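Each residue of the sequence shown is one higher than the one before, counting from 1 in the UniProt record's numbering.
Derived by calculation from the structure, the hints in this document are not laboratory data.
What you are looking at is a predicted structure, and each value in this text was computed from that prediction instead of being measured.
All C-beta atoms in this analysis are idealised placements derived from N, C-alpha and C, irrespective of residue type, glycine included.
Accuracy of the hints is not assured; some may be wrong.
Stated by the list, open to error - Restraint-style ranges between C-beta atoms, simulated for each label pair:
#	residue 1	residue 2	range
1	Val-234	Arg-173	21 to 29 Å
2	Gly-332	Thr-209	17 to 25 Å
3	Ala-385	Pro-147	23 to 31 Å
4	Arg-408	Lys-113	47 to 55 Å
5	Pro-391	Arg-173	28 to 36 Å
6	Leu-232	Val-387	23 to 31 Å
7	His-364	Pro-395	57 to 65 Å
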Amino acid sequence: MVELSLARLDGERSRAPARSYVGDGGCRRLRDAARGVRALPQLAETQRPYPDPHRVRAVSGDAPGARKVARAIDALRRGWAIAIEAPGEDRLVLLSVEMADPVRLEAFAPAGKYALLLSGGRAETLKLSNQREAADPAAPVIVEQAPWLDLPTALALADPQFDLATPLKGPFRTEAVTRPAASAAALQLARVAGLLPAFFIDGIDPEATISPADIDAHEDAARLKLATRARLPVLGAEGAEIVAFRSPEQAGEHVALLIGSPNGRSPLVRLHSECLTGDVLGSLKCDCGPQLHAAIEAMEASGWGILLYLRQEGRGIGLINKLRAYALQDQGFDTVDANTRLGFAVDARNFGLAAQMLRLLGQHEVRLLTNNPQKVTQLEAAGVAVVERVPHHLPPNPHNERYLATKRDRTGHQL
């Protein structure tokens, strides 16, 4: 009924031609089948588990572990302690360094006894890690408790923006990581929560207790489902349709912009990660805004394309951490070193989300508009065949020349 109502309203309010994948159901699908065109699933169909030869799990209505992680993320962002329990390990109670204050830290560790958990990438910047830890930026490193490891010092250890301005106290010593699974899960959770990967550990009174498996459930792309769709005329593609997706436990929604109509060819697909500064504010530090608009133009010209707009700001580290990386770039670091100095991977995005969105839209083969071979690799690993990689080259400007050169020289982009 929703589809029919939208189609009726469209007919009254717009002179745009009817879309082949919205509205009139069985008759149109029979005509498409006769022409060999794969029509997109209707709204009611895509909300059911989509038949999947790659054995992606169907969306479940009940995922208590994922719900617990949603509550734990909320607690961390409010400056409350949580705990992580991994099989065979003692419980790890932790408090976000950047969200702590003197009152919260005293409640967390009344006796003043705590250690500090950092990522291997951040510890390497501080020259606190050994060679094995330095080889893996995501490896957990524990900084031993010391009388001079107070809140201001911990903040200076956690946030590289202060590296050049704040002389660190010390010395600092690391200790053995006796809870590796829980510690690694904590660093993953920091990224998901949009926080610096730095925690006070070994305190008391956690607000929530989760496991590494719970975090995996929260991040499971198979829990993403189609929520709604509507016509959305956009600059460069006035006949476009927007489709929104969400998972029950996550606040961010992802969207697909459908441009043109299925025409017997694999759709031209662009995976575009959210960039507030580039897409909305017109930042010249990156090429995101021009790439977004050029992708829409290319899809309109091709006759059939899908733009997937993924809520993975800052290559998966969140807006605030991306702006911290920008501050480091102002100090002379490139985009790769800025991320690793913050303690994150160079690229923390999950393109399994894009694969799930395409499956829900009934698309299993695509022509991918990208300069990034990793997108091809990850999409194919998630079960979507990339029949062609289509280059997406745009001219640089004086503000992003170094950024584009870094992507070419250090992250393998084919520019």
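Verification of the supplied hints:
1. Val-234 x Arg-173: 21 to 29 Å: Check failed, 56 Å falls outside 21 to 29 Å.
2. Gly-332 x Thr-209: 17 to 25 Å: violated (42 Å)
3. Ala-385 x Pro-147: 23 to 31 Å: Violated: the Cβ-Cβ distance is about 59 Å, outside 23 to 31 Å.
4. Arg-408 x Lys-113: 47 to 55 Å: At roughly 48 Å between Cβ atoms, Lys-113 and Arg-408 fall inside 47 to 55 Å, so the hint holds.
5. Pro-391 x Arg-173: 28 to 36 Å: Taking Cβ atoms as reference, Pro-391 and Arg-173 lie about 50 Å apart, which means the hint is violated.
6. Leu-232 x Val-387: 23 to 31 Å: Check passed, 27 Å falls within 23 to 31 Å.
7. His-364 x Pro-395: 57 to 65 Å: Given range 57 to 65 Å: violated, Cβ gap about 34 Å.
Violated hints, in rising order: 1, 2, 3, 5 and 7; the structure is consistent with all others.
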